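Enquirer: Read off the chains here:
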Amino acid sequence: MAMLFARSRNLVSSLRQNLGLSAILIKRNHSSPRPVFTNYQLSSRVFLDPSTSFRHESTAVETQPDLVQQSDHEDDAQELDFPGGKVGYTSEMKFIPESSSRRIPCYRVLNEHGKIISDRDFIPVSEKLAVRMYEQMATLQVMDHIFYEAQRQGRISFYLTSVGEEAINIASAAALSPEDVVLPQYREPGVLLWRGFTLEEFANQCFGNKADYGKGRQMPIHYGSNQHNYFTVSSPIATQLPQAAGVGYALKMEKKNACAVTFIGDGGTSEGDFHAGLNFAAVMEAPVVFICRNNGWAISTHISEQFRSDGIVVKGQAYGIRSIRVDGNDALAVYNAVRSAREMAVKEQRPILIEAMTYRVGHHSTSDDSTKYREADEIQYWKMSRNPVNRFKKWVEDNGWWSEEDESKLRSSTRKQLLQAIQAAEKWEKQPLTELFNDVYDVKTKNLEEQEVGLKALVEKQPQDYPTGFHI
Amino acid sequence: MAARIHGGAATALSTFNPKKLVAPSRTNLPAARSSKRCIVAGGGSDASKKSLSVRHSQKLIANAAVATKAETSATTGTGHELLLFEALQEGLEEEMDRDPHVCVMGEDVGHYGGSYKVTKGLADKFGDLRVLDTPICENAFTGMGIGAAMTGLRPVIEGMNMGFLLLAFNQISNNCGMLHYTSGGQFTIPVVIRGPGGVGRQLGAEHSQRLESYFQSIPGIQMVACSTPYNAKGLMKAAIRSENPVILFEHVLLYNLKEKIPDEEYICNLEEAEMVRPGEHITILTYSRMRYHVMQAAKTLVNKGYDPEVIDIRSLKPFDLYTIGNSVKKTHRVLIVEECMRTGGIGASLTAAINENFHDYLDAPVMCLSSQDVPTPYAGTLEEWTVVQPAQIVTAVEQLCQ
Chain A
1 MAMLFARSRN
11 LVSSLRQNLG
21 LSAILIKRNH
31 SSPRPVFTNY
41 QLSSRVFLDP
51 STSFRHESTA
61 VETQPDLVQQ
71 SDHEDDAQEL
81 DFPGGKVGYT
91 SEMKFIPESS
101 SRRIPCYRVL
111 NEHGKIISDR
121 DFIPVSEKLA
131 VRMYEQMATL
141 QVMDHIFYEA
151 QRQGRISFYL
161 TSVGEEAINI
171 ASAAALSPED
181 VVLPQYREPG
191 VLLWRGFTLE
201 EFANQCFGNK
211 ADYGKGRQMP
221 IHYGSNQHNY
231 FTVSSPIATQ
241 LPQAAGVGYA
251 LKMEKKNACA
261 VTFIGDGGTS
271 EGDFHAGLNF
281 AAVMEAPVVF
291 ICRNNGWAIS
301 THISEQFRSD
311 GIVVKGQAYG
321 IRSIRVDGND
331 ALAVYNAVRS
341 AREMAVKEQR
351 PILIEAMTYR
361 VGHHSTSDDS
371 TKYREADEIQ
381 YWKMSRNPVN
391 RFKKWVEDNG
401 WWSEEDESKL
411 RSSTRKQLLQ
421 AIQAAEKWEK
431 QPLTELFNDV
441 YDVKTKNLEE
451 QEVGLKALVE
461 KQPQDYPTGF
471 HI
Chain B
1 MAARIHGGAA
11 TALSTFNPKK
21 LVAPSRTNLP
31 AARSSKRCIV
41 AGGGSDASKK
51 SLSVRHSQKL
61 IANAAVATKA
71 ETSATTGTGH
81 ELLLFEALQE
91 GLEEEMDRDP
101 HVCVMGEDVG
111 HYGGSYKVTK
121 GLADKFGDLR
131 VLDTPICENA
141 FTGMGIGAAM
151 TGLRPVIEGM
161 NMGFLLLAFN
171 QISNNCGMLH
181 YTSGGQFTIP
191 VVIRGPGGVG
201 RQLGAEHSQR
211 LESYFQSIPG
221 IQMVACSTPY
231 NAKGLMKAAI
241 RSENPVILFE
251 HVLLYNLKEK
261 IPDEEYICNL
271 EEAEMVRPGE
281 HITILTYSRM
291 RYHVMQAAKT
301 LVNKGYDPEV
311 IDIRSLKPFD
321 LYTIGNSVKK
331 THRVLIVEEC
341 MRTGGIGASL
351 TAAINENFHD
361 YLDAPVMCLS
371 SQDVPTPYAG
381 TLEEWTVVQP
391 AQIVTAVEQL
401 CQ
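Chains as they are written, first to last, in full-length UniProt numbering: chain A, 1 to 472; chain B, 1 to 402.
Source of the hints: derived by calculation from the structure; they are not laboratory data.
Values in this document were obtained by computation on a predicted structure and should not be read as measured data.
Hints are not guaranteed to be accurate.
[Stated by the list, open to error] Below, simulated BS3-like cross-link-like pairs (lysine-lysine); rule was C-alpha separation at most 25 Å, straight line:
#: 1; chain 1: B; residue 1: 330; chain 2: A; residue 2: 446
#: 2; chain 1: A; residue 1: 430; chain 2: A; residue 2: 210
#: 3; chain 1: A; residue 1: 409; chain 2: A; residue 2: 383
#: 4; chain 1: B; residue 1: 330; chain 2: B; residue 2: 304
#: 5; chain 1: A; residue 1: 315; chain 2: A; residue 2: 86
#: 6; chain 1: B; residue 1: 329; chain 2: A; residue 2: 446
#: 7; chain 1: A; residue 1: 255; chain 2: B; residue 2: 125
#: 8; chain 1: B; residue 1: 120; chain 2: B; residue 2: 260
#: 9; chain 1: A; residue 1: 383; chain 2: A; residue 2: 255
#: 10; chain 1: A; residue 1: 393; chain 2: A; residue 2: 383
#: 11; chain 1: B; residue 1: 329; chain 2: B; residue 2: 304
#: 12; chain 1: A; residue 1: 256; chain 2: B; residue 2: 125
[Unchecked claim] Computed Cβ-Cβ distance ranges for the label pairs, DEER-style:
#: 13; chain 1: B; residue 1: 265; chain 2: A; residue 2: 442; range: 18 to 24 Å
#: 14; chain 1: B; residue 1: 356; chain 2: A; residue 2: 152; range: 43 to 49 Å
#: 15; chain 1: B; residue 1: 100; chain 2: A; residue 2: 369; range: 29 to 35 Å
#: 16; chain 1: A; residue 1: 119; chain 2: B; residue 2: 98; range: 54 to 60 Å
#: 17; chain 1: B; residue 1: 384; chain 2: A; residue 2: 317; range: 50 to 56 Å
#: 18; chain 1: A; residue 1: 305; chain 2: B; residue 2: 98; range: 48 to 54 Å
#: 19; chain 1: A; residue 1: 453; chain 2: B; residue 2: 100; range: 56 to 62 Å
#: 20; chain 1: A; residue 1: 426; chain 2: B; residue 2: 365; range: 50 to 56 Å
#: 21; chain 1: A; residue 1: 152; chain 2: B; residue 2: 378; range: 56 to 62 Å
#: 22; chain 1: A; residue 1: 103; chain 2: B; residue 2: 204; range: 45 to 51 Å
#: 23; chain 1: A; residue 1: 210; chain 2: B; residue 2: 356; range: 31 to 37 Å
[Said to hold, decoys possible] From the derived model, a few chain A residues whose C-beta atoms are all more than 10 Å from chain B:
#: 24; residue: 88
#: 25; residue: 196
#: 26; residue: 231
#: 27; residue: 270
#: 28; residue: 298
#: 29; residue: 309
#: 30; residue: 409
#: 31; residue: 430
Virtual Cβ for every residue (Gly too), placed ideally from N, Cα, C.
Only chain A is shown next, with the shape it has when bound in the complex (with noise of 0.2 Å):
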């Protein structure tokens, strides 16, 4: 047992030596506990390698404005001993407010005309890259708008739009290599068709035909594709954080050079998940990136009914999570933003939080009328004068990569594409009766066989009974 203590003893003194530990402390204003491994965990064996458990200093961290003032009669010298390290204490009895009197700024590279504001913090994107980023945020604004019309027409049974939100869609996915694991909530298409997934594909999902992937087992908009890596989604609220978690932990256990990155809207991180998904992946120093797209709107609770904070960024200091808060309509801050988060995120192995301030356009889904709720001006408003797509079109028709020809030739091809791919899908079979029992388990177990059979038997006796096209 001393054995073991002397030598990882040596080990940490030698590790502090090399990495410079003790130096590496993000720099804050006010004192904080640190939660430093203990000798014991330093030492085994998976711990022993730098590039899985080690935190490096950041180059790009801005110092959050202060919730805490600092008290001049503070005596830091003077310091109590508690578990989790060394506090300072003051006589001073206050209280931290419950509120910044600021409050945090959010980060954008583009103003409303589209045109950069500043040089310094901005990663340059290519033109091979602006333009593809412009077409698939213009080729999923078209998508959402047949998709949602075919809803209305009868033809699918529900749709649910990412009008207002196609530059946090687009530019995440851009910013993020293919193997990075992608757990959606279900706003968030545009990371797919970034990926590759194609329009014939979307329209199969929301059909629930026979070529759907998820074997017409999910409503529409439940997408999913494991050679896409992204997870199909799942109706319940923030249960995907906790995943998340769970997928970082995955990665880093097998050192890859990827992270995952999930995505919650402003409601959902009022689910007990959100807490545990954050504060589970910063405990594990996970290769997480966290998503918030704040877009005001949960259904119809807007989010002063939704939090008393200010938004969402400020709660990744509570978890011990670097944050930071992006503008959501600025294509090209979004792109910054989630790279240098999924940078930090792989070669720090860490979580990082980004709230992406945006607005829903449209309604929360089908099944909504949000003019019920809020203002038609408020709506107009943010689809007109706030649109991502037209601000990201200026700037790259300023760079003199985009016309108005290529406008129209993108948007009617797309379009023609689409119904074709809609009236394909509609007119594909539905799923046999067989896909009803598969997939359950691996093998089906005795009772499903016997509960198949039992079916079949019933379908095939009275088959009027039953919607024409559906065969066993």
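Position chain B against the provided structure of chain A, taking the given hints into account.
Expert: Showing chain B alone in chain A's frame:
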């Protein structure tokens, strides 16, 4: 690769399918319920024949283990004695050695070794990342396990007490059970969720829950309950190797049972029931701790001239209706003894299944002895009355066999 079958099963060879995993099924006659020893008795070849023939209709286990000669008698000398929690640990350790994707997560499972010491020593051996101490949030670490499983790991998620897994119900029901199906088979979730449950000694209502009744409806999961060190190790290994999510129910009061188990590697079949004591007069179906109450009652019954057939159903979802059915066809009388509440428990489902499938073979209505529909009280006497006792079992058998 053909797995060898244990001896005394010449007829069994004809039903043996080399691709199937051989789980030597054994007859266990515990010497006494109250003592903590569990001695393996002789290898009733009739019983083993019966159990082997079950296998041709059962599911394949993904990775066939090499199951060599099984114990036909405790006196062969091979094998080692250990307690049930050690058997679980052994199974877990062997699987972690075998497959680097297997990992453990839960509260206090790391250097503390787990509240019931099932993960003792594993963190030392495999590191703090692979045997992960999590913050207190059952929904979170269950969700984490699911996410990790979808990414290729094989997590073993420990709930400190099964009752706490109620907090993880959302993840277990909506994601664990469903995602393989709703993703069209694209993602598998090979997790094992395990923990102690059942009525302990004055642990109070919240810590004496029988979650198997709440979980049994969830489509997509499998449930097994271990009751002896032998099947604990076997089921643990099988559950880890299964591609489906498996919930392994352990019992708080059974962790210190001692038994001699084989040195060779073996796995138990997840969907198979265990023949504890073959008999002719009545079929008694039970699982987990109630097995021992039943066996104690069986001693009394034998003295009174009855010959009960005791089956430990082990597989709670799906039920092994093959073994159960064969027994019912033989004895024509069924008594179910369980720890679940009367309403909506495993016994209730089993009663329905037996009535539906074997109605013509029954000479008497299926009787089910279960706990009352009350929260488990703290006071020792009250608690004792809420759990089915051997005397009740004896009375019930006498009543059914009139």
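Enquirer: Quick check: which numbered hints come out false for this structure?
Expert: 9, 15, 19, 26
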